[in-house]
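Undergrad: All chains, full assembly: derive it from the sequences and hints.
Going down the list, the sequences are from chains A and B.
Be aware that the first sequence starts at 1, since it is given in this note's numbering, and climbs by one per residue.
Be aware that the second sequence starts at 1001, since it is given in this note's numbering, and climbs by one per residue.
In short, the hints are calculated from the structure, not lab data.
C-beta: ideal position from N, C-alpha, C; glycine also.
Accuracy of the hints is not assured; some may be wrong.
A few chain A residues that face chain B, going by a derived Cβ cut-off under 7 Å, partial list only [what the hints assert, rightly or not]:
| no. | residue |
| --- | --- |
| 1 | S27 |
| 2 | R58 |
| 3 | T120 |
Covered, in the sense of this in silico footprint (three residues per stretch, anywhere, with C-beta under 8 Å from a C-beta of chain B), are these stretches of chain A [to be verified]:
| no. | region |
| --- | --- |
| 4 | 14-23 |
| 5 | 104-118 |
Chain by chain, the residues run as shown.
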Amino acid sequence: MAINLIPEEVAPKGAAARLSIFLRTVSAIGLTLFILVVFGLTSYYLVNYFQLRASESRQENLKNVISSLQDTESSLILLRDRLSKVKEVYAHDSADKNINAVSQVFAQVPSGISISDFETTLKKIDMSVIAQSSLSLSQFINVLITSDLFETINLKSFSFNPTGGYVATLEMFVK
Amino acid sequence: MKKSFIPPSIQILIYPTLLLSVLVILILIVINFGFSQITKQRQAMSETAQNEKILAEKEATLSEVSGTVAANANSVSLALPEDNPALFIISQLKLLAISKSVVLKNMKVGSGTEETSLLRVALSFNADGQTVNVLDFLNSIENVSPIITIEKVKMSQIGGILSADTTVRGYWSLLPKTLPKITEPLKNLSDAEKDVLDKILALTPPSFAEIIPAQASARDNPF
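TA: The structure is reproduced here in C-alpha cells:
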C-alpha cells in the first residue's frame, strides 16, 4: 500500500488534479498530432521539391532543343507574319473578280454584238455595247442575266444610230 | 519546508497549461509558415508545369515543321517581299505578256505608299493584243508572285486590237524584328493560314538568272 507523504493541506484538490490530467492528455495528443503534421508537411514539401527540380531540368532540356531549332522558329514566325499580311492584301478590294466576270461574258458574246469600251474599277464595271439589232442586244442582256455573275446591272444610256445600230452603256456590280 | 504562495491546485495546472500554450503557439507558427511555403511551391509547380507544356508543344511544332518551313517562308517572302517589288513585278508582267502574246507599253511605276502595316506601289501599263489574249493575260496576273492585284482596267477596241490601260498594285511589308520569348507558345499554322499558303505556293515565282563567273583563260599575246 502506497503511503502519501504530502501534507493534506498541500495536496491538490480533486477538480484541479483532474483538469491537470486532462491538460496533460490533450498536450500529449496535440504533440503527437503536431509531430505527425510536421512530418507530413515536410514529406509533402520534399516530394514537391524534387518534382519541381525534375520539371526544371526537363524545361532546360527543352529550351536547349528549341534553341537548336531557332532557325526553324525564325522561319515559322516569318511565315506567320507574311501570311497575316497576305491575308490583308487579299482582303482588299481588287478588280480581279471583275476581270474574271468580264472574261466569262466576253466568251459568250452573241453575234452582232461588239463591246466597244469597257472599264473596271475596284467596285464596278462600265461597259459600252454596240448591237446590230435589238434581238442581238436582248440576247446579250440575257447572257448577262443568266451568267449569274452580277448583283446589279444598270442601263445608264441607250441610243440608236441607223448606221451603227443600238448603243447601250451598262454599269454592273459583280456579286 | 518552505511554503509556496501559489496554491497547490494552481501549481499542478501551471506545467500542463504552459506545455499546451507552447504547443498551440508552435502549431500556429508551423501551420502558418508551412502552408505559405507549400502554397508558394504549388504556384511555382503550376507555373513550371505550364511552361513545360508550352515548351513541349513548341518543340513538337518546331520539329514537325522543320523540314518544310524554310522553303515555305522563302515562297511567301517572294510573294510579299520586304522591299519594293516593282522590278520583280515588271519582270513577271513582261514574261507573262510574252507567254500570252500581249504587248506591254508605257510601263510606269508610281511611288510607294504606306497603308497600315502594308506598303504598296502602283504600276500602270498598256496591254495590247487580241481580246482573248489580253483577257487571259489580265486573268493570269493574279497567278504570279509577288502578289499583284488589279486596281483599274480601261479597255478600248481599235481595229480588232484590244488595248487595256491597266493599273495594278504590288505590295511589300517590313520583316518582323524580334523573336518572341522562348517560353511564349508557338503553334503550327491554322487551317486558314494553310489555305493562304497553298494559294501562294501555287503562284508562279519570279525566275532568277544565275551568272556564272567566267573561267580564267590564257591571254592572247598582243604583240
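Undergrad: Count the residues of the region 14-23 of chain A with a beta-carbon closer than 8 Å to any beta-carbon of chain B: does the count reach three?
TA: Our answer is that it holds, as 6 residues pass the Cβ test (under 8 Å) against chain B, meeting three.
Undergrad: Are three or more residues of the region 104-118 of chain A within 8 Å, CB to CB, of chain B?
TA: Our answer is that it holds, as 6 residues pass the Cβ test (under 8 Å) against chain B, meeting three.
Undergrad: Given A:T120 as an interface hint, is the shortest Cβ-Cβ distance to chain B below 7 Å?
TA: holds, 5 Å
Undergrad: Let me know if the C-beta of A:S27 comes in closer than 7 Å to any C-beta of chain B, holds or violated.
TA: holds, 5 Å
Undergrad: Once the shortest beta carbon distance from A:R58 to chain B is found, is it less than 7 Å?
TA: Given a least distance of 6 Å, the restraint on A:R58 holds.
The earlier numbered hints are all upheld by this structure, with none contradicted.
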